[in-house]
Structures are given as structure tokens and as C-alpha cells.
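Visitor: These protein sequence lines are chains A and B, in that order. To get the working numbering, take the position in the first sequence, counting from 1, and add 139. To get the working numbering, take the position in the second sequence, counting from 1, and add 851.
Within a straight-line C-alpha distance of at most 30 Å, the following computed DSSO-like cross-link-like pairs (lysine-lysine) qualify: (1) B:1096 with A:347; (2) B:886 with A:347; (3) B:981 with B:1170; (4) A:300 with B:886; (5) B:956 with A:300; (6) B:961 with A:347.
Anything over 12 Å on all C-beta distances counts as not near chain B; from chain A, calculated: (7) 169; (8) 181; (9) 193; (10) 235; (11) 330; (12) 332; (13) 358.
Simulated from the structure, these hints should not be mistaken for laboratory data. Bear in mind the structure is a predicted one, so any value in this text is a computation, not a measurement. Idealized CB from N, CA, C, for every residue including glycine.
Letter by letter, the chains look like this.
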Amino acid sequence: MKTTNIIIALIASILVICSNRSNAQINNWRAWQGEQAYIVSLQFAFDYGFGIGVGYAYKLNTVLPILLNIDVSTQFGEKILDDYKIRIGGQAELVRLGDFSTTFKAQGIVRRLSNHYAQYLNIGSELGIIAGFYRPTWFMVGEFTYDKTLFTNVQHSETAKQNSFHQPRDGWYASSGGNFLYGIQGGYSFPAIDVNARLGGISTEDFKGAPLYLPLYGVLGMNVRF
Amino acid sequence: MTLSKIILSLSLFICCAVSACTTLNPSEGGNLVPKTVDQDATLPSIKVNGTHLHAETFGNPNNPIIIALHGGPGGDYRYILNAKALANDGFFVVFYDQRGCGLSKRYPRKSIDLDNTLGDLKGVINFYRKSPSQTVILLGHSWGGMLATAYVNQYPSEIDGVIAMEPGGFTDVQVNAYFRGATPRSPFGEITSDVLSQEQFFTASESSNHELLDYKVALIQQMGEFPHFRMGYMAAQDLLVDGTKAGFDFTTNLQQYKRKILFIYSDGNVAYPTEHARSVSSAYPNVLLRQIPNSVHSMILQNWEATYPEVRSYLSTFK
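Generate coordinates for the entire structure from the input sequences, incorporating the hints supplied.
Guide: Written as C-alpha cells, this is what we have:
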């Protein structure tokens, strides 16, 4: 058990070091029942565009409640799966005072975007704090997340290169910064199912402005616990 | 446990591999976007009206002058370079990237307005005009046609001819009607996804540097499919967004302009029906209205073969 905790801490540290922005598993800590240890989830999200995602999570049987998760999402459009995002990470319930709880989450992100101009592959991370009230049948919490791009590989299309006066350079680009996401999440829990939602705004990391277009995010989701 | 080790190893590998590579700076000119004239002295440029503009000319400087005005606001002149063929017809053709656009010098947000943009155009004309009797014709595509009209509205005696290629409108009401006529993008479509998704790869707000903003707006405007130098995000915001919000009317003095102008529009732009072309062009008292067959809004690039004869025919009256 001690070794497991060390590894988890190391993974979390790596994710922190690598760290940019997230849509982690929405979880009601108080709704877990009996032998339940897994979640599969389905999400319809507005997360830098409209898309759909599926997730899987495993709850470790530790003193400090920890949930490891992976989720994969793709955006709507004529081309399916040309844009996607994979998040791997976890969340741990650090503080519990009655119904009030504080959770720390850390995720590594791999995301890809392909359009007429270029293909982008980004490695990023997402760190966040979730705090609020959890009851067995509902929860309502606030969340604050830092989503940082770390490195982005850019491969411009031949068309873009031909039409550009100066050929844009391909390769790995350093981070241009990150975004803060702030909002609320809540949900209603049945014995084996949660229906949940997230809603919030996005600010750039310098707090001087917002992303250029629609600085909002929102998620409607459903978890099945088993 | 095995899964944890795999994740740990993979994370370490990715971090080490990427760190070992030389990373490029997205905010540095010359990487994602080219440098501007104040950063690269090898680019052809002129200094007028207190600014530094990317500019090129074609033809004999003693011939009648055609000042080519690109669209946008925020575009550049690379896509209208077909018009340099007019140099072979006996004209001196001048191209320049407007303030804050293309490879011209950049300015912070809220620094570019119609007054200094018109001042730049006046400066460009004065820079190249050798004598007061030298003919000057403005050729403007889209926003360029609007700018040409704004200039004629302000200085009607200085301009001998105008070619306006599908300008959105000469008043904010007309421009808004034009935008409303455009086919809306589906929120679930590929283009919408591409526009919104790119925000998470190179994060930027209006306080970010020009290189990032100009690159991002090129993605959004689908500029990969058009020859271009470099988009100007701030110019687009200042002139289009703020200008339209504030309202404008470039027609208040146009009735004073008695010379014939050429107004051309495409047959393939659903947002620009003949009624709109008639309505917009009617602000000029003497208009030659022509529709270009098999063309779209970017007709000067997309179907220059059909556009050129109309332009040449109109210009023949100036020789």
C-alpha cells in the first residue's frame, strides 16, 4: 500500500510538473456504495467546442480517497476523430469536514487538432481544486482549474505553406501560457448512477483577458458506478 | 500497479523527449508568422503619416496611379496581387498593407481608427504622386472598397476614379445586413470546432502579443486557402468590431463625386444579391455596376480572368 501511494504521488507530481486545463471526472464522493470501485461516464460537453466524451475511473481502496481516471473526448464536425483529447490523472479528497469536502485533481492531457491549416499535437496538464458540499444523493461544489499547454507540435499543411509568404515553421513549440477555469459543478446521485453538470468561465493565466472566442465551458454527464 | 508504472514511465518519457527537443517560441516573429517591416529591414516599405507600411509598386511611376486596397479589415495585399497586371496596361500600381495589417507595423488595441487609416492612404498617395495633375485611381476589394469610398467621401477632389469590388456596405446598416445574409456556421460543424478548439493549443487574449493573435486569426479566417502575408488581429478588431459598433456612414458627401466609378460584385456570394449591390452602389451618383460571372467574393483572386476585362475596360477611359 505504501508503494502504491508513493507511485500515485509520483504520477501526480509528474502531471504537476508537466502541467494546462481539464474536464476531470465529476464525482460524488458520498454516493459510493458497498463494493463499487469503478465509474464509466458519458459526457456531452462544450469544452473549446461541442463534443462528446467517455471516461473510466477506478477508486483506490486507500485511507485518503483517490480516484484515478482516463477520459477521451472528440469534437463534433464532419471529420470524426481528427480532433481529440485524452486525459489521464486522478483526484484525491484531501479534506473532509462533515458534508464539506475539498478535492485536488491533477491530469495530464494529450490533445490533437487537425484543420486545413495545420495539425497540432499538444501535451498539457490540468491542476484543480474542487470544494463544496457532498451528500449521498446530491452535491454542489465550486471548482478552480489551471489548464496549461506545455508543448505543442505543429505540422502545417502543404496548402498553408504554399499560400504563406513565409513558410511557418514546423516543430515543437513552447507554451504560450494557460487558462484558468472557474465555475460550479453539481449533480444528483442514484444508487449506481450520477447525473451531473459543470458550468463556468475561462480566463487567461495573466487574468488580463479571456480566450478570443466563447470563454465558457459546460458539461452534461452521466456516471455509472459499479 | 502495472497500469500505474506504465503511466509513470510514459509521463517521464514524454517529458524527457520533449525537453530534449529544441522548442520554438510561438511569440517570436519568423516562426508562426513572418516579421513585420519594423523587424525586417529587407522588406520593401515606406514611412508615411508617422507609420511604417509594407509596400510595393509595379510599372512606370509617371503613369496614372492605381492604389490597390486590400480587404479585411485586417487582411493584406498578397491575394490581390493579380492586379499588378494593370502595370502592363500603362498604370503605376501601388500595393500596401494597411496600418496594423500584413507586414506593416503593429499597434496596440484601440490604436487604429478610420482617421489614421485614411491619413495613411493620403500619405501613400502623396508619397507616390509626382504632381497634382497625375491621375489617381483607387481599387479596393471588400473592405478596401469601403475604405476607398470613405476616402472619396472625405476628399472627393483628389481621386479620379474608383473600382469597388464587392464592398460590404458604405454604412454600418448595410454592413450588418450583409453579415446577416451570410450562411451561419453550425455550432456542431467542423469549422466551428476548429475555431474554438484552437484556443487550447496556443492560448491568447487581446493582451497577448501580435504574433500569436495574428496567427490565430489566420486559422480562424481559413487563410490557409488564400495567399497571404499575415493577418492583423488588432486592425480587424479596431476597425471592424469597434467601427461597426460605433456606426459609420461613408456616403454623406458622395453625391459631390460626379466621376464614374466601377462597382463590381460576384454571382456566387449568396450574401451579396443584386439588390444589395444596387443599394450599396447607389450612394454614388455615377455608377457602372457589373456582375462578374462564375465568381465568389474573392473574385480578384478566384476569377481574375473574368474580372480583368471589366477593370481594363473601365480604366481605358483614363488613358
